[in-house]
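Assemble the complex: chain Y is given as a structure, and chain X must be docked to it using the hints.
Here the protein sequences line up with chains Y and X, keeping their order. Residue numbers for the first sequence follow this note's numbering, so the first one is 1 and each next one is one higher. Residue numbers for the second sequence follow this note's numbering, so the first one is 1001 and each next one is one higher.
Note that these hints are calculated values from the structure, not bench results. Check before you lean on any hint, since a few could be wrong.
[What the hints assert, rightly or not] Below, a list of computed lysine-lysine pairs in the DSS-like style, where the Cα atoms sit at most 30 Å apart: (1) 1286(X) <-> 235(Y); (2) 1287(X) <-> 235(Y); (3) 1287(X) <-> 138(Y); (4) 1034(X) <-> 1213(X); (5) 536(Y) <-> 451(Y); (6) 1189(X) <-> 1224(X); (7) 42(Y) <-> 155(Y); (8) 441(Y) <-> 1011(X); (9) 1011(X) <-> 1183(X); (10) 155(Y) <-> 6(Y); (11) 436(Y) <-> 1011(X); (12) 1213(X) <-> 155(Y); (13) 235(Y) <-> 99(Y); (14) 1286(X) <-> 138(Y); (15) 1213(X) <-> 6(Y); (16) 1224(X) <-> 1213(X); (17) 138(Y) <-> 99(Y); (18) 436(Y) <-> 451(Y); (19) 1128(X) <-> 436(Y); (20) 42(Y) <-> 1213(X); (21) 235(Y) <-> 1189(X); (22) 6(Y) <-> 1286(X); (23) 1189(X) <-> 32(Y); (24) 1034(X) <-> 42(Y); (25) 1287(X) <-> 155(Y); (26) 32(Y) <-> 1034(X); (27) 1277(X) <-> 235(Y); (28) 138(Y) <-> 235(Y); (29) 32(Y) <-> 1277(X); (30) 32(Y) <-> 155(Y); (31) 1277(X) <-> 1287(X).
In this text, all values refer to a predicted model and were calculated from it rather than measured experimentally.
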Amino acid sequence: MNPLNKELSIVLSGEAGQGIQSIESMLTAFAKNAAYHVFATKEYMSRVRGGCNSTEIRISRERVTARVGRIDILIPLTPESIPHLRERISAETAVIGEKAVVGYDRMIDLPFAAIALEVGGVVYSNTVAVGAICALLKIDRAGCEAGVREFFGGKSAEIQDFNVEAFRRGYERGSALVPEVAIDIQTDPAVGDEIMLTGAEAVSLGAVAGGCDYVCAYPMSPGTTVLTAMAEYSKRFDIIVEQVEDEIGVANMAIGAWYAGARALVTTSGGGFALMSEAVSLSGAIETPLVVHIAQRPGPATGLPTRTEQGDLNLAIHAGHGDFLKVVLAPGDLEEGFSLTRAAFDIADRYQSPVFILTDQFYVDSYYTTPPFDVPDAPPERHTVRTSADYRRYALGSADGLSPRGLPGMGEGIVCVDSDEHDEGGYITEDTAMRKAMVAKRLAKIAAVRKDILPPRLYGDPRYRVLILGWGSVKRPVMEAMAAIGLPYIAYLHFPWVYPLPDGVAEYMAAASTCIAVEGNAGGQFADLVEFETGKRIDHRILKNDGFQFTVEELVERISALA
Amino acid sequence: MAENCFDFDEKRDMAWCPGCGDFSIRLSLLAALKELGIERDRLVMVSGIGQAAKMPQYINASYFNGLHGRALPVATAIKAVAPDLTVVAEGGDGDMYGEGGNHFLHAARRNPHIALFVHDNMVYGLTKGQAAPTSRVGMLTPVQVSGVIADPLNPVALAIAMNVGFVARAFSGDIEGTTRIMKRAILHKGFALVDIFQPCVSFNKLNTLQWFKANTYALEPDYKANDRAAAFARALEETPFPLGVLYESDERRPFEELLPVYREDRRPLRERSRDMKALRAAIQEKK
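Chain Y extracted, bound-state conformation (with noise of 0.2 Å):
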């Protein structure tokens, strides 16, 4: 095997409940530590025991930020691990692991359990695993035994004292091994800096950037990756986190939340969404703000509840009956996540609408090293305002069509909304003059936000022949791809902000000879939307549905066939 020197993928392999996460925990706060790029993405079953999961860590000298399909060391914990693997082993990946246990021939042994024994329990075996690994990636001893420590802080000094000792029996077995295993993977001391952490974080530090402070859901996964970072934020910035009996109890509670003066956010899944369309027309009638996240996950019905998918796009555009605005931002990247998520809470108060966040399980998910966010010096700023005697709440004669949103028991004025047409006091009306002139105030909405919508980005070379436009988590696999394809002529055309799609797509479609849509899903969601508002047809249409993310081989060989 000739040395490792740009990264290294590993991949972990076992049952729910066996210690996968403990080992990658450590390894990837190790390897960071060690100023490696680190990304790391998984792959689980919908049970809590049992099963075969695994967990992908690439560690790198580059910033590495999507799924690949290559394995140079697998550890594998169980037999099955092997068969579920069995597409991605090839002849160059060093398996490694305890071949008792494993029982596949052609693996180096190394007998964690053993091992694990000799220091005072088995249930030190996955710290030896890590102690071989890092050896292998001749991370320093001392500074990873210290993280060790760190790492069983909440333990009895005891324990930390066994976890030490299995770690530096693991690093010795590991260290023998150095010359079957070569890797030589040199460290960016600008890693130092960063910060690590998953999108599910990076949308919940950008609802707290966007002055979120009531959080409502039902558990469905993977929307519950935002629900506990943000119960584990509620204490240190005053958020009310609330789990409610239904979906439709969660977005009308939201809503409600919004008129009382709260910034909330929903977080959800696609089949807990679909219950909310009834509340997201409530949002548009009313024109009070929604924030939802929408974490998207295979469908129709249950589909696979903890896989992965870009399936949700045409139930969140169409969500709610009759006519108003609706945004949907999509973030790529963690930066984004936390960006878009932030300016979700801004656009949903100033115009006073729905947004929706679209994230999927493998963007919640995995996480990766990242320089830190920019954070603004001022609180957000709110569209809210102090009410006289004389407030209605929809005054009609705004060009935007908003009307100034008044907070009850802020002000001398009183704040009613009504799901039933209304005037501009909020009362209850069928005249058809008011009727038409409520529903242009609602459409007026729906032009004066073209002013705000985030412009796609295009990277790679303007002067490209080949137009890759994607959405959401596809960002990262095809960047990744595209780099290692290698064509000038490839560019990629990003979209944070889904819709109303933006302006100008048509002119960067007509620039290219070849357009290609890459989407996570069966049918092209995404792909029809850009065809059905640009009036342009996309070309070709890269499409996955088997619940995974593409890895970055795959799009090198599906785009490299259409360009």
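Just chain X, lined up with the frame of chain Y:
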């Protein structure tokens, strides 16, 4: 100026049928709000859909008239975000016990300081005469053409079973009695249910004003409302149904008081702003 600040100066076109019990319930509510001395800008009325749910239209105060069955999650959020406001939720039996049944159960669990007034006329009015969750077995309707076969929901027994701290049944024909009960419900620090019997002059030919008079009785003056088991037994009584405050207890603390955000800071959320320094620190902790 109207004599009552919650009334309107001008006459309003009300969508209720002539003779509807809703008019009496409105008079009770106006009287209760006035007698309690609540300020107009401190009240939020919350409702769903139906004829009863139109009540906020005819009360001169802030209101949120949302979706069918969904008043309680909205009201709970308003009280949680702005505990300084008085929140009253109002609707019909179909709105609160049918479409909103799940929210009713969970509002009872959470126990926010909200008074819930349910107009219980044992029939669907706005959709023109179908069965309600409280319709009596055997009632003939354009949909239940062979008569209702499902047992009626008993809202007061359900509320006592859920340990709601204020459970009462009123009768729209008794405006003063309903006013007295409403006042106590609004003052109760927690979730309070007042199920208000009310004739539907257009669609319920069975449970008429006379029927309600003949099939109800007032709880005795010396009735003790603090015994939950006894209250439950009374709540199970039917034809005649007891009227009055069946159960009252202040042992549960309201939802909004238990929220950690108000432990050290009593200000409603609208008066707060985000600590951006703490956010920057939280991001740095991801290093």
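Hints, one by one, checked against the model:
1. Taken as a hint, the residue 1286(X) and residue 235(Y) pair is honoured in the structure, with Cα atoms around 18 Å apart against an allowance of 30 Å.
2. The hinted pair formed by residue 1287(X) and residue 235(Y) meets the criterion: a straight-line CA distance of about 21 Å does not exceed 30 Å.
3. For the hint linking residue 1287(X) to residue 138(Y), the alpha-carbon distance of about 21 Å falls within 30 Å, and the restraint holds.
4. Taken as a hint, the residue 1034(X) and residue 1213(X) pair is honoured in the structure, with Cα atoms around 28 Å apart against an allowance of 30 Å.
5. Among the hinted pairs, residue 536(Y) with residue 451(Y) is consistent with the structure: their alpha-carbon atoms are about 23 Å apart, no more than 30 Å.
6. For the proposed pair residue 1189(X) and residue 1224(X), the alpha carbon gap of about 19 Å is at most 30 Å, so the pair holds.
7. Between residue 42(Y) and residue 155(Y) the alpha-carbon distance is near 26 Å, which keeps this suggested pair within the 30 Å criterion.
8. At most 30 Å may separate the alpha-carbon atoms for a hinted pair to count; residue 441(Y) and residue 1011(X) meet this at roughly 28 Å.
9. At roughly 25 Å between alpha-carbon atoms, residue 1011(X) and residue 1183(X) fall within 30 Å of each other, so this suggested pair holds.
10. This hinted pair does not check out: residue 155(Y) and residue 6(Y) have alpha carbons roughly 37 Å apart, beyond 30 Å.
11. Taking the CA atoms of residue 436(Y) and residue 1011(X), the gap is near 25 Å; set against the 30 Å cutoff, the hint holds.
12. Distance hint between residue 1213(X) and residue 155(Y) is unfulfilled; the C-alpha atoms sit about 69 Å from each other, more than 30 Å.
13. In summary, the hint linking residue 235(Y) to residue 99(Y) is not supported, as the alpha carbons are separated by about 47 Å, beyond the 30 Å threshold.
14. A C-alpha spacing of about 24 Å is found between residue 1286(X) and residue 138(Y), which places the hinted pair at or below 30 Å, so the restraint holds.
15. A distance of roughly 87 Å separates the Cα atoms of residue 1213(X) and residue 6(Y); the hinted pair therefore is violated under the 30 Å criterion.
16. For a cut-off of 30 Å, the pair hint linking residue 1224(X) to residue 1213(X) stands: about 23 Å separates their Cα positions.
17. Using a Cα cut-off of 30 Å, the hinted pair residue 138(Y) and residue 99(Y) holds, with the two alpha carbons roughly 24 Å apart.
18. Proximity of residue 436(Y) to residue 451(Y) is assessed by CA-CA distance (about 24 Å); at most 30 Å being required, the pair is judged to hold.
19. As the CA atoms of residue 1128(X) and residue 436(Y) are separated by approximately 28 Å, the hinted pair is consistent with the 30 Å bound.
20. Only pairs whose Cα atoms come within 30 Å are accepted, and residue 42(Y) paired with residue 1213(X) is rejected, the gap being roughly 67 Å.
21. For the hint linking residue 235(Y) to residue 1189(X), the alpha-carbon distance of about 25 Å falls within 30 Å, and the restraint holds.
22. A hinted pair counts as satisfied when its Cα atoms are at most 30 Å apart, and residue 6(Y) with residue 1286(X) qualifies at roughly 25 Å.
23. Using a Cα cut-off of 30 Å, the hinted pair residue 1189(X) and residue 32(Y) is violated, with the two alpha carbons roughly 53 Å apart.
24. Pair hint residue 1034(X) plus residue 42(Y) does not hold up; C-alpha atoms about 61 Å apart against a cutoff of 30 Å.
25. Annotation: proposed proximity of residue 1287(X) to residue 155(Y) holds, straight-line Cα distance about 23 Å (limit 30 Å).
26. For the given pair, residue 32(Y) sits about 66 Å from residue 1034(X) by alpha-carbon distance, which is inconsistent with the 30 Å threshold.
27. For the given pair, residue 1277(X) sits about 15 Å from residue 235(Y) by alpha-carbon distance, which is consistent with the 30 Å threshold.
28. With a C-alpha separation of about 40 Å, the suggested pairing of residue 138(Y) with residue 235(Y) is violated against the 30 Å cut-off.
29. A C-alpha spacing of about 25 Å is found between residue 32(Y) and residue 1277(X), which places the hinted pair at or below 30 Å, so the restraint holds.
30. The suggested pairing of residue 32(Y) with residue 155(Y) holds, with an alpha-carbon distance near 23 Å, which does not exceed 30 Å.
31. For the given pair, residue 1277(X) sits about 16 Å from residue 1287(X) by alpha-carbon distance, which is consistent with the 30 Å threshold.
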